[in-house]
Amino acid sequence: MTLPSRERGLDLLRQMTRIRRFEERAAELYTVGKIRGFLHLYIGEEAVAVGAMQALTPDDNVVATYREHGQALARGIPPGAVMAEMYGKANGCSRGHGGSMHLFDVSRRFHGGHAIVGGGLPVAVGLALADALQKRAAVTACFFGDGAVAEGAFAESLNLAALWRLPVLFVCENNLYAMGTALARHQAQTDIVRKAEAAGVPGQAVDGMDVLAVEAAARLATAAVRAGQGPRLLEARTYRFRAHSMYDPDLYRAKEEIERWKASDPIGHFVAALRAEGLLVDADLAALEHAVAAEVDAAVAEAEAGPWEPVEDLLKDVYTAAERR
Amino acid sequence: MTLPSRERGLDLLRQMTRIRRFEERAAELYTVGKIRGFLHLYIGEEAVAVGAMQALTPDDNVVATYREHGQALARGIPPGAVMAEMYGKANGCSRGHGGSMHLFDVSRRFHGGHAIVGGGLPVAVGLALADALQKRAAVTACFFGDGAVAEGAFAESLNLAALWRLPVLFVCENNLYAMGTALARHQAQTDIVRKAEAAGVPGQAVDGMDVLAVEAAARLATAAVRAGQGPRLLEARTYRFRAHSMYDPDLYRAKEEIERWKASDPIGHFVAALRAEGLLVDADLAALEHAVAAEVDAAVAEAEAGPWEPVEDLLKDVYTAAERR
Amino acid sequence: MTKMTYRDAARSALRDALRGDPRVFLMGEDVGRYGGAFAVSHGLLAEFGPERVRDTPLSENTFVGAGVGAALGGMRPIVEVMTVNFSLLCLDQIVNNAATLRHMSGGQLSVPLVVRMATGAGRQLAAQHSHSLEGWYAHIPGIKVVAPGTADDARALLLAALREPDPVFVFEHAALYPMEGEVDATGGPGEIGRALVRRAGTDLTLITYGGSLPKTLAAAERLAGEGIEAEVIDLRSLRPLDTATILASIARTHRALVVDEGWRTGSFAAEVSAQIMERAFYDLDGPVQRLCSAEVPMPYARHLEDAALPQPATIAAAARAMLGRDG
Amino acid sequence: MTKMTYRDAARSALRDALRGDPRVFLMGEDVGRYGGAFAVSHGLLAEFGPERVRDTPLSENTFVGAGVGAALGGMRPIVEVMTVNFSLLCLDQIVNNAATLRHMSGGQLSVPLVVRMATGAGRQLAAQHSHSLEGWYAHIPGIKVVAPGTADDARALLLAALREPDPVFVFEHAALYPMEGEVDATGGPGEIGRALVRRAGTDLTLITYGGSLPKTLAAAERLAGEGIEAEVIDLRSLRPLDTATILASIARTHRALVVDEGWRTGSFAAEVSAQIMERAFYDLDGPVQRLCSAEVPMPYARHLEDAALPQPATIAAAARAMLGRDG
Ligand SMILES: Cc1ncc(C[n+]2csc(CCOP(=O)(O)OP(=O)(O)O)c2C)c(N)n1
Ligand SMILES: Cc1ncc(C[n+]2csc(CCOP(=O)(O)OP(=O)(O)O)c2C)c(N)n1
Ligand SMILES: [Mg+2]
Ligand SMILES: [Mg+2]
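Residue numbers (the numbering used here), protein chains in the order written: chain Y, 1 to 325; chain R, 1 to 325; chain G, 1 to 327; chain Z, 1 to 327.
Please keep in mind that the hints were generated in silico from the structure rather than gathered at the bench.
Hints may be right or wrong, so weigh each one.
[What the hints assert, rightly or not] Which stretches of chain Z does chain R cover? Using the computed rule of at least three CB atoms under 8 angstroms from a CB of chain R, they are: (1) 57 to 70; (2) 85 to 98; (3) 104 to 110.
[Claimed, not checked] Sample of chain Y residues at the chain Z side, in silico, Cβ under 7 angstroms: (4) Gly98; (5) Ala115; (6) His186; (7) Val318; (8) Ala321.
Every residue, glycine too, gets a C-beta built ideally from N, C-alpha and C.
The whole structure should be built from the sequences, with the hints applied where relevant.
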């Protein structure tokens with residue numbers, strides 16, 4: 001990898017570390033019942049969201065999955081708003097209506113948090129259509145997992161985006177498993193880029209454990225999209241270090257496989273590279289971890305202090321107009 | 001094309017001609033209101049169903065489309081039962097419940113007549129699964145149009161069939177249009193075989209106006225399927241000479257395009273080839289047309305003479321058991 | 001007022017919407033070159049071009065979801081799903097996204113999406129093209145549901161749908177397209193959530209909507225010939241439901257029959273009946289009755305289809321029976 | 001009788017079915033290696049192997065449609081759809097094929113398919129995982145719909161479903177899986193279409209099913225402490241509906257409250273109310289009432305979710321109000 005400046009390097013590292021520590025804290029908070037429902041951690045996949053988001057501008061749209069804390073933080077949603085959402089508090093980024101799987105922030109064009117696997121893809125196509133029709137130069141980045149590739153919505157959405165040459169960047173987080181089902185057990189043909197190309201969307205696979213590689217590939221792809229060449233797909237090969245969700249006993253993956261992937265930890269990997277180039281010293285790392293810990297603490301404090309939405313407002317915002325309240 | 005024996009040649013010709021004349025009569029009967037609802041004619045595509053069915057045995061399954069009179073006749077459903085169905089008579093092959101779009105004949109393992117575009121594909125996968133689990137050597141042939149390729153069910157079904165190595169022959173009748181939408185206006189990437197292969201299903205395109213080519217390709221494909229190699233796709237390139245349905249003013253196709261395709265009429269083409277090889281003389285053709293006309297007349301007579309299902313039986317067969325009658 | 005078919009009235013609303021608001025566009029299978037499966041959008045491609053009248057591939061879930069996304073992105077999409085049976089392919093996007101995104105995002109998003117589809121039977125299209133599932137849609141919080149039963153409403157309710165900030169589903173009855181009626185061809189939007197008394201009467205209230213409206217009015221005519229004066233309410237909007245208009249009528253007539261082309265069990269008619277029970281029980285001189293479609297996948301044969309559906313004769317017979325006037 | 005969870009009871013039925021009939025197999029997302037999203041099928045892969053316990057890709061429409069095809073081909077598939085919200089992706093295969101093929105083919109085909117899915121809220125899974133749409137299924141002719149509310153029924157109704165020649169949909173309430181109850185662990189199939197009086201009473205009838213059953217029984221206990229004797233009917237089967245048991249109870253109590261976790265408008269509770277209206281109007285001392293979920297996409301926050309759902313306290317309050325005993 002060609003390293004960026006020290007400043008950029010530290011920024012990427014800070015972003016990945018923030019996600020990592022945030023997720024670790026979320027896991028703890030889940031075990032004590034502060035966070036409930038389903039919780040899907042992004043640990044191990046940090047380089048994907050952080051790398052891909054580098055290629056986006058504030059005018060671009062993001063459509064995310066239910067494993068989206070990393071996507072949300074990398075997009076710039078404040079950790080406190082995300083944590084408060086997972087607490088179900090009214091200061092959460094979805095006012096406590098969505099929880100872990102449904103983070104939204106319209107000011108950052110972060111259009112959720114989708115828990116129907118594959119359900120975000122058509123929405124992303126539509127957002128891109130709206131931009132195209134309004135002659136806005138934005139890109140819509142749509143995240144989804146390898147599991148979503150099996151859903152009809154994948155083929156349908158790629159075809160439609162390609163047919164209409166819409167500005168969509170499809171980002172497949174291929175972590176090799178859909179819950180307990182390994183890629184080769186849910187796909188007869190496992191090359192996702194080949195599928196994209198058969199649908200008319202040029203694609204590129206990239207090492208999803210390497211933040212710089214993801215960034216570079218995302219920049220290349222979004223440049224093509226911005227140039228009006230139609231949609232692109234990025235397949236980031238990655239791995240989740242934790243179980244699918246907090247409910248999952250993770251019986252379907254071999255310990256050795258997990259350990260093998262952990263050896264290419266995107267954070268450890270990047271730290272070593274920065275260190276080797278003399279861009280990072282121990283004190284930097286300590287300072288960074290300290291700052292991130294403080295951010296996460298602050299996020300938790302914000303969530304703890306946040307108010308509950310009044311029960312009387314239960315029916316608010318089912319409709320935009322107030323007539324059915 | 002390598003021509004078959006005179007006997008086989010005449011048989012194929014008779015089958016195609018039977019479909020052609022049957023459809024012509026159906027169109028007439030529609031205009032006088034004997035047949036109602038939607039009516040989709042197979043004229044121009046006869047070589048596809050007739051060719052493909054040659055590769056099937058009575059133990060095989062067929063799943064058809066709503067443009068399926070040709071598929072039904074080629075599978076051996078008696079013309080009278082088909083015509084009576086289109087009349088809505090109780091002697092119809094679906095007892096008048098289905099009409100033109102929903103022909104069924106379980107004795108011939110003809111599992112309908114599906115009018116949800118793409119809706120037959122999952123059912124075909126399931127029929128093949130049942131055969132595989134019961135160690136039956138049957139193949140399930142599933143017909144669908146180019147339009148169905150856009151539906152999520154296409155990618156999903158091909159993947160599942162390939163993943164489980166199920167004995168399905170997917171037959172895509174690519175007539176270049178889905179209603180008024182040309183292939184290149186509904187598919188960003190128009191090579192259907194490439195899509196199949198990206199889903200894990202080996203495919204082969206064939207001239208769908210050439211009955212012998214279709215037969216040969218279908219035999220090759222079903223041989224692979226029967227040998228346990230998993231599903232195969234056949235893309236038959238064909239054309240409908242008539243409008244999409246009797247409602248369609250057919251404003252979206254250039255006259256010249258239609259005429260160009262009519263020049264490779266599968267029947268005319270085959271007649272010429274047989275004639276050139278001396279396998280067919282004028283008298284044969286006249287006899288054949290005469291016999292077919294008699295068959296179609298008899299079918300109409302059967303339909304005319306058929307009884308209406310009693311209105312009292314309206315709720316019969318909603319359930320298999322009688323308790324809700 | 002101009003004499004116009006239900007089809008032409010719907011088209012006039014589409015045309016006005018496309019002319020009046022650059023954010024409006026139409027998409028769906030064969031809405032463009034083909035002119036629409038039911039010819040509703042005939043001519044619009046020529047007038048507005050392929051950017052605004054967009055043929056889609058056969059991908060219901062995706063193009064409806066794309067409608068949701070386009071609405072989020074500031075457009076005012078009108079999506080045509082050819083037939084309600086096909087909408088079963090896109091219910092995921094409808095329930096899990098269109099209806100849900102606003103609330104689930106804590107009120108940040110709005111989805112100003114209009115989805116039009118043909119519903120209902122009567123054209124011998126059999127069991128994969130003929131059902132009436134608008135009652136299901138009326139169950140979904142976050143969306144609105146209208147069902148025009150007159151040519152004028154085919155225009156007015158569609159225009160109204162386009163003014164809503166939330167998703168509206170417009171169910172056009174396939175058998176009504178050729179029906180002519182008086183249309184205010186330059187009129188503005190109707191009111192969503194407002195039922196109308198289409199015929200005044202005193203002996204009982206017939207409550208219906210959509211494709212059953214003309215049949216119910218025909219039944220009321222027959223009954224009038226027998227000295228029975230039926231009031232006919234056209235619901236027009238299933239969600240929200242104008243219960244006030246229903247209750248006011250029942251306060252006068254004390255009897256109600258709900259006519260609904262959906263299958264009986266779990267029909268929208270059940271909801272109407274339940275609401276009357278809850279809110280007008282003591283006004284009733286007898287139980288509210290329902291006349292719905294027979295619980296059978298719609299058969300092709302004409303005599304069977306006719307028998308499966310509410311008809312003027314069966315509506316009139318049910319009304320007579322409620323008044324003790326049978327036979 | 002053995003003490004067993006609802007989850008284990010469902011699993012015991014699956015195991016017995018797989019042992020007893022070689023045509024039976026189970027398929028769905030993560031039913032095998034993972035052991036089932038709700039651990040219902042845990043251990044079955046080890047016992048029966050991958051031919052009979054089949055993990056599928058995420059392709060709801062296709063694997064449900066494949067279940068239809070496999071049933072046509074002579075198998076007895078049990079298809080698991082993880083959650084009712086996901087079943088919106090396969091409603092096409094359910095309505096247009098599973099429910100329809102028999103009639104549409106003129107009675108030639110039967111589709112002996114069992115589809116199991118989790119329904120309902122109570123676990124803070126928010127608006128794409130928590131709804132109760134079984135009322136929609138109850139609208140569809142050609143299928144049957146059961147909803148076990150006890151551990152014993154989680155077994156008995158699933159076994160019953162497997163004996164039917166037509167498609168049966170089994171709605172397991174996600175919040176009930178850990179609930180323990182007495183189960184006849186070697187018992188045979190229950191009866192589909194038969195409601196049960198779970199608690200006898202004289203003052204009013206509480207009609208419910210599935211996840212609302214324990215809550216309704218808890219409410220009845222509270223009411224008993226106040227001198228109100230509520231009869232509790234567990235519908236068990238939504239289609240066919242056992243109207244006779246309902247009517248017999250109302251003939252005794254003269255009042256009924258329907259408790260249903262579905263959204264109120266267009267709920268299955270409306271159907272129950274309408275049928276009572278039609279068939280027991282003159283037995284009623286007051287209108288049938290419904291207690292349903294608030295009409296909102298299910299919120300994540302616990303206090304909001306709790307407020308959106310019927311609860312023992314709100315059920316008891318509704319009952320008291322009907323008896324003029326409020327406050
Ligand atoms: C339509 C649908 N089906 C099933 C599920 C249940 N489910 C949740 S996550 C998941 C696996 C998805 O895998 P993938 O897309 O690879 O994402 P990952 O969890 O690996 O990030 C499944 C089956 C769902 N949420 N939506
Ligand atoms: C799911 C669904 N969407 C739309 C339709 C309406 N429709 C009927 S046929 C057709 C075109 C299908 O084209 P193709 O699959 O190529 O078959 P062809 O008619 O050319 O034989 C359409 C859009 C339908 N029947 N089902
Ligand atoms: Mg994955
Ligand atoms: Mg075609």
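Going through the hints against the structure:
1. 57 to 70: Result for this restraint: holds, n = 12.
2. 85 to 98: Three-residue rule met by the stretch 85 to 98 of chain Z, so holds; n is 4.
3. 104 to 110: Coverage by chain R holds for the stretch 104 to 110 of chain Z (7 residues, Cβ < 8 angstroms).
4. Gly98: For Gly98/Y, the interface hint holds, since the closest Cβ of chain Z sits about 6 angstroms away, which is under 7 angstroms.
5. Ala115: holds (4 angstroms)
6. His186: holds (4 angstroms)
7. Val318: Because about 5 angstroms separates Val318/Y from the closest Cβ in chain Z, which is inside the 7 angstroms limit, the hint holds.
8. Ala321: Violated, because the Cβ-Cβ distance from Ala321/Y to chain Z comes to roughly 15 angstroms (cut-off 7 angstroms).
In terms of the numbered hints stated before, the structure departs from hint 8 and from no other.
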